[in-house]
Amino acid sequence: MTGRRTVSGGPAIDRALPISFTFDGEEVAAFVGDTIASAILANGIEAPFRSPVLGRPRGVFSAGVEEPNAFVEISEPWFEPIVAATMVDVVEGMVVGSRPGVGRLRGDAPRGRRVEHRNAHVELLVVGSGHDGFYPARDAAARGERVMLVEQHRTIERGAGGDFRAEGVTYLTRATALGLYDDGYVTVFEHADELDRLWHIRADRVILATGAFERSIAFADNDRPGVMLSYASSRYLEHGVLVGSRTVVFTARGGAYATASNLVANGGEVPAIADVSGTESDLGDAKDAEVLRGWVASGTEGDRWLEAVHLEGPGGARRTIECDSLLVSGGWDPNLALWRAIGGGLRFDDEVHAFVPTDGPPWLSVVGSAAGEVPNDAPYWFVPSEDYSRHFVDFQRDQTIADIADTVDAGLRSVEHVKRATYIGTAIDQGRTSGVITAEVVNALLGESPGWQGPSNARPPAVPVPFATLAGPFRGDLFDPVRTTPMHPWHIERGAAFENVGQWKRPWFFPRDGEPMERAVERECLAVRTAVGSMDASTLGKIEVVGADAPAFLDRMYTNRMSNLAVGSIRYGLMLGLDGMVLDDGVAMRLADDRYLVTTTTGGAATVLDRFEEWLQTEWPDLRVYCTSVTEQWAVVAINGPRAREVVSATGTDVDLSREAFPFMTFHDGNVAGVPARLARVSFSGELAYELHVPAWHGLEIWEAVMAAGTPFGIEPYGTEAMHVLRAEKGYVIVGQDTDGSVTPHDLGMDWIVNLSKGDFVGRRSLRRSDVVRPDRKQLIGLFPEDTHALLPEGAQLVLEDTGRMPMPLAGHVTSSYRSPALGRTFALAMLAGGHELHGRTVYAPLPEGTVTCTVTSPVPYDPDGARRDG
Amino acid sequence: MTARSPLAERSSDLELVDARELAFVAQIDVRVGPATAASLGFPTVPNSATTTGDRDALWLAPDEWLVVGPGAAGAIVDELARSLDGLHHSIVDVSANRVALELGGPSRHDLLASACPIDLHPRSWGGGRCAQSMFGAAQVLLHERDGMTRLFVRPSFADYVVDLLLAAARP
Chain A
1171 MTGRRTVSGG PAIDRALPIS FTFDGEEVAA FVGDTIASAI LANGIEAPFR SPVLGRPRGV
1231 FSAGVEEPNA FVEISEPWFE PIVAATMVDV VEGMVVGSRP GVGRLRGDAP RGRRVEHRNA
1291 HVELLVVGSG HDGFYPARDA AARGERVMLV EQHRTIERGA GGDFRAEGVT YLTRATALGL
1351 YDDGYVTVFE HADELDRLWH IRADRVILAT GAFERSIAFA DNDRPGVMLS YASSRYLEHG
1411 VLVGSRTVVF TARGGAYATA SNLVANGGEV PAIADVSGTE SDLGDAKDAE VLRGWVASGT
1471 EGDRWLEAVH LEGPGGARRT IECDSLLVSG GWDPNLALWR AIGGGLRFDD EVHAFVPTDG
1531 PPWLSVVGSA AGEVPNDAPY WFVPSEDYSR HFVDFQRDQT IADIADTVDA GLRSVEHVKR
1591 ATYIGTAIDQ GRTSGVITAE VVNALLGESP GWQGPSNARP PAVPVPFATL AGPFRGDLFD
1651 PVRTTPMHPW HIERGAAFEN VGQWKRPWFF PRDGEPMERA VERECLAVRT AVGSMDASTL
1711 GKIEVVGADA PAFLDRMYTN RMSNLAVGSI RYGLMLGLDG MVLDDGVAMR LADDRYLVTT
1771 TTGGAATVLD RFEEWLQTEW PDLRVYCTSV TEQWAVVAIN GPRAREVVSA TGTDVDLSRE
1831 AFPFMTFHDG NVAGVPARLA RVSFSGELAY ELHVPAWHGL EIWEAVMAAG TPFGIEPYGT
1891 EAMHVLRAEK GYVIVGQDTD GSVTPHDLGM DWIVNLSKGD FVGRRSLRRS DVVRPDRKQL
1951 IGLFPEDTHA LLPEGAQLVL EDTGRMPMPL AGHVTSSYRS PALGRTFALA MLAGGHELHG
2011 RTVYAPLPEG TVTCTVTSPV PYDPDGARRD G
Chain B
371 MTARSPLAER SSDLELVDAR ELAFVAQIDV RVGPATAASL GFPTVPNSAT TTGDRDALWL
431 APDEWLVVGP GAAGAIVDEL ARSLDGLHHS IVDVSANRVA LELGGPSRHD LLASACPIDL
491 HPRSWGGGRC AQSMFGAAQV LLHERDGMTR LFVRPSFADY VVDLLLAAAR P
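Listed in order, the protein sequences are those of chains A and B.
Heads up: take any position in the first sequence, counting from 1, add 1170, and you land on the numbering used here.
Heads up: take any position in the second sequence, counting from 1, add 370, and you land on the numbering used here.
In short, the hints are calculated from the structure, not lab data.
Given the structure is predicted, the values throughout are model-derived calculations rather than measurements.
A few of these clues could be false.
What the hints assert, rightly or not - On the chain B side, residues computed to face chain A include the following (Cβ under 7 Å): (1) 399; (2) 466; (3) 487; (4) 507; (5) 526.
What the hints assert, rightly or not - Covered, in the sense of this in silico footprint (three residues per stretch, anywhere, with C-beta under 8 Å from a C-beta of chain A), are these stretches of chain B: (6) 374-381; (7) 415-429.
Built from N, CA and C at the ideal position, the CB exists for glycine as well.
The following block holds chain B by itself, in its conformation from the complex (with noise of 0.2 Å):
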């Protein structure tokens, strides 16, 4: 049997946005106090990630964490278990829980700023930053890396979010 990717139908509509989706990307929510999140390497600065090897830790909360891929999501848990044994902590697999999506292309961020509040000039964002906003009326997760911007989506909103880019890609 095969898993099915949320936005496996929509790869040519991402093309035309210069973006593609990565799926099945494993995420975990770590939630956790923030100086033992710092022992781990998380970041603590508002809205920053930070990315170990190709393991990224983007801030939520002051007590929040996504750990983003790659490898499988089990096994990212149980090394996270290790670390927090014996300390108050959650940690919970929510890899299907939002769908990631990879904004390529120069203008992605004026693509981004026709329904995206938050200011995506380089003056306030770039590389190591992630921030959670709003694309028109869905809820997004915002991670820059490597040139890129990674959305994180929740899935039952996927097609309206790649509908939206399309929309303001022509409007």
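With the rest of the complex left out, here is chain A (with noise of 0.2 Å):
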């Protein structure tokens, strides 16, 4: 015999109410109300679970999150991977199947359920429904405070038996604290019948009533299905489920005799109590059990299912006694899993043979038996045996005694040494079940008294998660925002590829009718060089930086000048780090006096705002000046060529192009299409160049002007990879492109941008340091490959000398490499070892396909006197 399902009774399950699911292939009756475990054990299926490691038969062992055994999959109505039958409501054509340990994602991504996340705010947050948890969550409640509560069953327990609830509270059923975390951060789990939640919870105070686990006791096989803790049973009776028809009790508590009282009073038999507690205790209904005292069980016998027990008693007294049902209880200990995480301590507590909490953070506490009221008779964990090969401690991870034994014997100490040589306590219980009684067995086998250490630490979450649920709605096109501009229908509408460049979606190239990307970026860098082009630059950082120091505040952030960039023109200008490395670069435009308008990499717009707000907010808090960014107001179009102007001329402005009035670097505010625009000379193609600025909302209108005007004139959407190979032709460097955070500006070849004689900036220290100063640093220089096809990647080693056998001494590395069109040729920039003073030599990149040789060039190869700017 096995469980079976009670005559009449069960307030958790409705019997007006069956319904039928699917275990393992088989259809299995149940009613409304039933966990998958309690459905198991009323049908009496026998073994319905294995362990992972030794394959051993196994059975239901608790009704709770503890769960070390009962494991299944969930393949309908939704997916779900791994989850304890103890935490999960049967529904109607369920499909479940036992799962040893270890769950498993589908590749054809399944129906999960429906998920979403919720923030809450409360004054307090009570952790279990139980007498000790229901009563404060009221008070406060009805003192008008904002409270929740967090039950992991489908019932307020209240300690009565029955659902409760009070007023003014907040509960969250079938719900698990996951995590605590600093200042009252808790995240919790809700398993609701429509949808899983994950609940953010921020509260003031935060109570623990998490009640205890009852202990197991480690005897030889007492993993045996039908093995089960004893209070497990009396949750069963709940479900009209009785465990066993035949059932011994082996207990280091009186308390077990009140559960024995209730199988009896249920219909089940209870031959014999095994009680090692010491005290006296009332049957009750139980009244024809028989007490052996000071007995112990020392073995038990069955194929799929229980069918007997050994006991051993004083003197060495030996019974075996037939069974269908044994239940265990070595006492209770508190549930301290939330509170061990967030760093509360544990001391041992003689009185009640148990670790309970001390020394937590203010705004939590931990009440009840969490809190150590666990009624617990005597220090009690296994039974002392000559072999310990079978005492499983660790069911999950079919770990024995004998296996704790032979690590401590290799010398291990600690619980946690312990738990990560023999993984007890890491599987999906967290070790619920095992905790205890791996630390009282590594006390007892180094000689040392119960509590000399306590368990190993629990952490977050508490119970298997899905990774969906903690994804919630950031998944797939949410899962990380796409940031696109005022133009981006235009790209889409054209057939752009696109770059990601951070979170910004870039026009990466405009493929025409399915021509390659290597052609595409030769086309439109060969429109740039001999008509004109355009670029979406909306994505560039841009802040004003406004006040009466403004000036004398760029100074310092820029290694050049800007205090005496006049206004109505603009500066190019580099930024370090404290340690002298190049950090960002962009322009500056003076608008006024006392109004700088500054760009910044697209993906340095927020550090430099940071970095710019930090300085005058830690530094120099007697400066006069506001720095806000302005990113996001203005949309930028980039008009390069030698026809820009005549672009910029037929779009329709008012503002006079001629080069005399409008000279190179400097910038007029006017209308462009009938729109109010900023018009600005710079250029990173070397080209005559335009940059347009519209309020955003005007972004697409303008662009779409642009490129009408433009047409007549051979007008070509360029994309970032175009910009790149341009750029680098000129030998304009990108931040974090060419750099890595560990370049100078003479690095670069760029001293002339850094101004010595004004006053301080930052970075300006660390020039003068002895290691930037070396002659053999790492400088900028151009490659050009012998072959003029070979295009070397970017990242490849350079050595100055090719002797074929390894290792090779490293010189430097390519930054970028691009097939130039202007060029006709491949072309790079790349760091080299002293490499100012290397133009014309010949370098060597060794690579698998083959040696690459190169010749050291300027970084400028193309148009170096700069003639091309003005058209």
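With the hints as a guide, bring the two chains together.
As structure tokens, this is what we get:
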């Protein structure tokens, strides 16, 4: 025999509502209100589970979150790879399979449950709805506080059975606190009927009324199906399930007698109670049970289910009793997983023979049995034996006392080390039924007294939680924001290929009629060099720097002087870190005596603004300067190429575009195509170029206007790849591509931008460090491969001598490499040790497919005199 | 030529969550000392907003406010500049730097609580409150006004925010 349904009763189920589900391919009858575990027990399914490592038959061991055996995969009506059968209510048509220890995701993207995330703020959060949790929650709500109560079961217990709810309390049932974090931040996983919900709760105070877990006892073959924690039998009676017809109780506490009485009252038989508690208890309805004082369970028999238990008494007496259920109770251990995960302390209490909480954060308190109010009668964790090889401690890891002894023999003393050597406590249940036993076994093996060291630490999440629940809505297209510019619809329409630049989607190139990337980039580059091209540069970071001290401030932030910039003019600037390394670059436009607009790299916008604010707020609060981000205020069209002036003119503007009235590195405010605009002559291609800034909501129309006006001049939209080629041909570096945080202005050959005659600026002092002035630092150079078609991979290492033997001394690396339509060949930029002095020299890039021989050149291979910028 | 508001194409999506875009509303970032700000009627209590006529002033930082329409941004800039003439200050037109959304409906705070970590319960949130926070991975400025919640979002994040609102409304 195994478990069966009681004739009547069971407040947790509704006998008027029979349902059925499938377990390992067999149809199983249940009632609404059954858990998967209670239904498996009610149907007397033998050996429903297998242990993960040894493949031993296993049964349901508990009725809660500590379950170490009964793990299932749910495939209908939703998919969940692994979950404790004790924690899931059966629904009609559910399809369930046993899963020994390891869940598996499926490749065919099965249907997950609906998921939502919620944030909530409360004055009081209580975890656990038993007596000790219910009343503080009720009282706080009565005082008008916002209170949430988290309960892992469907009903609110209050300690009296039945479902009680107090007004003003928000109840989360079928919910588990996954983790506690600093200052009362708690994550809760709610397994609601209709969906899974992940709560982010911020609580002023948290009360843990998490109760206690019944302590198992390790003895030979204590893992056989039919062996179960004592309390669970009472739980299952609430589901109308008698866990066995004939039950033996093995207990170290008197309280288990009530369990026996409960079974008899519901039609079960209890022939014997083996009791090592040393206390007298009332048998109640179990008056026929033979009480065997000082007797222990020394073994079990049975194939697929428990058939008998071997008992051992004082003086070596032995008996074997036939039974189909063995209830075990070693006592109770406070459930302190959440307490310990936030750093709460433990101490061993000799009165209650258990680890109890001590020293926690001020906003957190522990009450009731979790706080140590546990009715333990004896310190009893395992049955002494000659052979410990089948005294199972961690069922999920199939680890025994013998396994622990091996690690202690090997010299391990700390439970944290034993845990890592045996994996005890590392399975899904985090060792809830094995942690304390393991600690006490180690203590005993070391000859130390009980409580000498406590169980290993627990970590969030407290129960398995699907990744899909943690992800919530932040998956697929919402995994990370996709930032787009106002011109994005045009780029899509034109079939652009996009590149991710941080969160931005930027057009990479605009292929025509399925042309390959190489061809498209070549066409776009040639358009800029021979006619005109337009690029969406809206993602550039933009900051307005305003105030009487703005000129002095920018002099301190950039390596060159910005204070003598004339209103209406533009200057390129480099920004260094305190270490003297290049941090960002951009241009400054002087809008007024006390107002600049500075641009940053696309990726550097937030960093630079934070840095401005940090210096202003912490070092120079005396400077009268305010900084405001305007990155998204302005959409920017870059128009580059010898015909750029004609295109801007054709677009229609009241700005005088003549070379004399509008020289390089100046700007004018005016109207373009009827839109208020700022026109700036800056160039990142070396060609005649205009940047057109308009308020963002005019971005799309101005882009369309430029494209329409440019058509007669052969305008082509170009993307970031062509932009990279064009700037590299001119030796313009990209911060973050040609630099990596270890590159100085001198390394880049940009001494011209470092003004040592002005006052101090950030990074200046570091430029005198001995390491920074070494002549053999890696320095920026250009590279021409001997084979004009050979394209060096970016990141390729360079050597001065190709010895053909590894290792070779490395002299540098390639930072940018392209095919240049303008040069009619491939070329690269690279950082090469002492490179400034090596122009003309041959270097080698040894690659798996063969060595590429290159000539070192100046890093400005195209139009080195800058003749093209004025058109 | 016509300007195009960032969420012009999303109005039917916004209706699903009881929201609409306040297209082209004037927004001016003002940086000035708190005493001067108080004299202009700006709020000095952190995370609060005042409304004078139809114009709002939202507290962003001890020395930073966002002034929100109606009317032309240029006129508001000129008016503020006259008031602050001779004082250390910064006035920047940021009207296009953020999209303004207005959420109505009784469950709007629940909807926001799906991805916004701040406390939107009436106990700590209500008319005249504003706050800078996150909605999912997007920075947002929230302003409770006239029984509605305004959300100010960078335009590049606007589609993300609308998509996340829709996802939260039907998980």
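Outcome of the hint check:
1. 399: This hint holds: residue 399 (chain B) lies near chain A, its Cβ roughly 5 Å from the closest one there, short of 7 Å.
2. 466: Cβ of residue 466 (chain B) sits 4 Å from chain A, so the hint holds.
3. 487: 5 Å, holds
4. 507: With Cβ-Cβ at 5 Å, under 7 Å, it holds.
5. 526: 4 Å, holds
6. 374-381: Since 3 is at least three, the answer is holds.
7. 415-429: It is violated: at least three residues are needed, and the stretch 415-429 of chain B offers just 0 whose Cβ sits closer than 8 Å to chain A.
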